[in-house]
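Enquirer: Guided by the hints, dock chain B onto chain A, whose structure is given.
Chains A and B are the protein sequences, given in the same order.
For the first sequence, position 99 (counting from the first letter as 1) is numbered 99 according to the working numbering, and the numbering increases by one without interruption.
One gets the working numbering by counting positions in the second sequence from 1 and adding 1000 to each.
Watch out, some of these pointers could steer you wrong.
[Stated by the list, open to error] Have a look at the derived ranges for each label pair, beta carbon to beta carbon:
hint, chain 1, residue 1, chain 2, residue 2, range
1, B, T1247, A, H79, 53 to 61 Å
2, B, K1209, A, D84, 54 to 62 Å
3, A, S18, B, K1209, 54 to 62 Å
4, B, T1191, A, P24, 37 to 45 Å
5, A, N76, B, V1369, 55 to 63 Å
6, A, H79, B, R1025, 35 to 43 Å
7, B, K1209, A, T100, 52 to 60 Å
8, A, T97, B, E1177, 44 to 52 Å
9, B, F1190, A, G65, 17 to 25 Å
10, A, T100, B, R1030, 21 to 29 Å
11, A, D84, B, L1029, 49 to 57 Å
12, A, T64, B, F1328, 32 to 40 Å
13, B, T1191, A, N76, 22 to 30 Å
It should be emphasised that the hints constitute simulated quantities derived from the structure, not laboratory data.
Predicted, not measured: the structure shown is a model, and the values here were computed from it.
Virtual Cβ for every residue (Gly too), placed ideally from N, Cα, C.
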Amino acid sequence: MPPRLNASQHAGSGSTISVYIPSPLQKCCRGASELSLRVDTLGALLRELERRYPALHQSICDETGTVRRHINLFVNHHHMRDLDGLDTHLAEADVVTIMTAVSGG
Amino acid sequence: MSDKILLSIGTKKGLFIAESSKARRGFTLRGPFGEGVGVYSALIDARGAPRIYASSCNPFFGMKVLRSTDLGKTFKETKSAPAFPKDDGRALANIWSIEAGKDRKELLCGVEPASLFRSRDGGDSWELVPGISNHEHARKWQPGNGGLCMHTILRDGHRVHLGISTGGHYMSEDGGETFKAANRGVGAGFTPDPFPEFGQCVHKIAGHKDVPGRLYMQNHGGWAEWDGPGGRRPNIGVLRSDDHGHTWRSIAKGLPSDFGFPLVVHPHSPDTLYVVPLEPMTRTCPGGVPAIWRSDNGGGSWKKLSKGLPKKDSFFNVLRDAMDIDSFAAPALYFGTTTGQLWMGRDSGEKWERLFDALPPIHCVKVAVV
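Just chain B, with the same shape it has in the complex:
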C-alpha cells in the first residue's frame, strides 16, 4: 500500500528530499545531498524497489550521478557518469534529464551539449546513443540561454521523443536507433524562417500514457510583437500534436503569455494540462502576480489557478523541470521557484500553499508516491 510522498528538489546548492504521508500535511526536509553543487535533473524511479537518481553538475570537477536506494536518506555517486568518447571532441557540460528506460535497470540521460546516453546497469556505466547524438543535425544545433541541452526524454513503446533547446523535437520510431526532426507547426522567433525544419527552442514536451498519440509542447513563445523578417509569430509557444508529434498546432489562445518553461499533464486525464505563463522579456510572473494555468479540454480553453499564491510583487521564474504532479485520485501539483519557494496546489491546483520558503534557487522538482 503506497502511503508516502517523496519530492526530489534539485537546487543550485544540491538535492533536497521532502517526505510526507499521503495526507500531504507537513513535509519533512532532508539534504542537501551533493551539497553546494547544482542539481538540474532527478528521477524517482519507482519500478521495483524505489531508487532516486540526481545529476550533480559540478563546474569544477565535472558531472556526477547520485543514486539513493533508501528513499533519499543517503546518496552515493554511481561508478561513472556519462562521458563522450575521447575522440569525439565534445565534453560534457551538464546533465539535464534522467529518465527511466525500457528495462528495470535501464536509464536514459539527456545532456549538454545535446546528446543522449543510456545506462543498462542503473547508472554505473553509460554509452552514447549515436542515433541522435551523432545525428547529421547535431553540429548545427545552437545553444539557448541555458546551454545546448537535451532536456526532455519521453518514451512511448518503440517511440522516443526528445526535446532539445535549441534543436527542436526529434522522434524515433524504432526504439531509439534512428531519429528524425519532427517540428511541423513548431515555430521559432529567432530565425528568419518562422517554421524551420529544426532548431526550435523547445522548452518541454509532455504526454499521457492513455493517449500516446497526443503530445503537448511548451515552446519558446513570446514573439507576437516581432516586426523583423518573416513577420510576427504569435501563439507559437504552447502546442499540441495528435499524430505522435509529426505535426503540431497552437493551443495558446486564452493564455496571458505563450512563453513559459514547464508543462505538466494530469495523471488521470489526458485532456488536463498545466503551464506557467511568464513575461517573455523578464521570464517572470506577468505583472508580478504568479499563476498556474490549467486547461481541462486539451488546450481549448484555460483557467487561471492562483488561490493562495501571492497577489503582488512576485517576480520569480519556474524552470522547465520545476513542476510536477502526484498520482493520487485528486492529485496535487508542485512547483519550485528560482527564488527558492516550493508550492503545492491541492485539488489539481485549485488551492495553493507554500511548503518551503527559502531553499536555494530551484532547478527541478519530481514527485512520486512510494
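In isolation and in its complexed conformation, chain A is listed as follows:
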C-alpha cells in the first residue's frame, strides 16, 4: 500500500486538503498515493508541489507553468476549467485529484 504523507509532515498555511496522485507519478513523491497539504488555491497547491516535489510538478505542468494538455485536475468532482482554474479556492477537506486524459492509439 503506497504511503499517505499527512499534514503534520507538510505544515503550511491555508486549508488542509488531500491530493490523490496517479500511480505513474507516485515515484515522484516517495511512492505516496495521497498527499495532505495546507494551501488555499489550486495555484498555491501547484507552487507547493513544485517546492516540495519538483519532479511531480514537472510532470503536471510544463516550463511555462501551464497544466499539461493531457492532465486534468479535479477539485472534488469538478474539473478546474469549470471552476476558477488555478484561482479555484480550496476549502478544508477538499480533495484534488490528478488524472490523465483519456487517450488511445
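Expert: What follows is chain B alone, placed relative to chain A:
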C-alpha cells in the same frame, strides 16, 4: 574486439533493443523500455564504455531521457530532461535528436519547438544553446506535419550543422556559439519564393568524416507538379553540398521520387549514400513496392535495391531517423517501418531480410558495433 551488434529501435510504444553477434544471424529482442511512451530519438554512444540514450516523449507527463549503462539491459531516467527557462515562454513538446558532443560526457539534443540543448554530464543536466535556440529567425520558423522539430545535429570539428523542419539548414563555424542559415540551392514548395533564405522543410542531413566538406540532404521534395506562384520546383528533394553546406545542388535525377525522409551515408565510402523515395502525397512506397535506392557516385546515378523486399501491397513509410548502417567492412543497412517491420539489407543493401515483423510503429533505428 568488437563482436556484438546493438540496434536501438524507438517506437510508438517504447524502446526496444535488438542484439546479435557480428554474423548477424538471429537478433534477440528486449523491451519495451519506457513502455507505452513514444521514443523519437536514440543514441548508442560508443565513446568509452557504451551508453544508450533515448528520448521518452510522454504526452501526459512531459519529456524524459532514458539512459542505459549495461548495453540496453536496463534503463533509468536521467536526473533531468531539457527544459526551457521559465521566462522563455516556450515549452518542450518533443525530443527529436540526441547526438554525441565534443567531450566524452557531452550530449546535444534537438527538440520541438526547434531548439538545441547541451548536457555536459551525460544527460543529467541540460542547458539551452542560445546561438540557435534564440536565433533571430527562431520565432519565424513554422511547424511541419511532425511539428517544429530540430531533427539533425551533425558535428564536424568546429562546425555544427542543424536540420530544422521547417527552418532549413543552419550552420555554426565557431563550435556552436553562433549560427547562420545556409540554404542556398535548397528549395521549398510551400512558399511563394522557391528558394527562400530559410524556412525550408529539411528532412535529414548526413555527411562522412573523410570528406567533411561534402554533405547530403533529403529535403521536402515532391513539388514537380506545382503550378502556383513561383512555378514548378522539380528535384529539390535530394541535394548535395561540396562546400560545407554553404551551397547545395540537386542529385535527385534518376530517383522515382525526390520525396523521402531518411538519408544514410556508407561508413567507408563518402560517395555511397542511400535514400528511401516515397510518394509525396501518401508518403508511402511508390506503387506499394518498397525499395531503397543507392548511389555509389555521390548522387550521379542511382540503383534500386529491393531483393528480398515485398513485391506488392506494401504502403509503409520510413521516418527520418528510421534507417541506419553498421560499420563492418561489408556493412548492413537497417530500416524500420511505420507498420512495425524491421528490415536488414546485407552487403550494403543488396539483399534484404525481415528481422522483426510486428513491432509498434517505428520512429527511429540506430545501430552500433560494440
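Enquirer: Each of the hints needs a verdict: does it hold here or not?
Expert: Hints, one by one, checked against the model:
no.	hint	verdict
1	B:T1247 - A:H79: 53 to 61 Å	holds, 55 Å
2	B:K1209 - A:D84: 54 to 62 Å	holds, 59 Å
3	A:S18 - B:K1209: 54 to 62 Å	holds, 58 Å
4	B:T1191 - A:P24: 37 to 45 Å	holds, 42 Å
5	A:N76 - B:V1369: 55 to 63 Å	holds, 58 Å
6	A:H79 - B:R1025: 35 to 43 Å	violated, 56 Å
7	B:K1209 - A:T100: 52 to 60 Å	violated, 44 Å
8	A:T97 - B:E1177: 44 to 52 Å	holds, 47 Å
9	B:F1190 - A:G65: 17 to 25 Å	violated, 34 Å
10	A:T100 - B:R1030: 21 to 29 Å	holds, 27 Å
11	A:D84 - B:L1029: 49 to 57 Å	holds, 50 Å
12	A:T64 - B:F1328: 32 to 40 Å	violated, 47 Å
13	B:T1191 - A:N76: 22 to 30 Å	violated, 51 Å
Going through the hint list in order, the structure does not satisfy hints 6, 7, 9, 12, 13.
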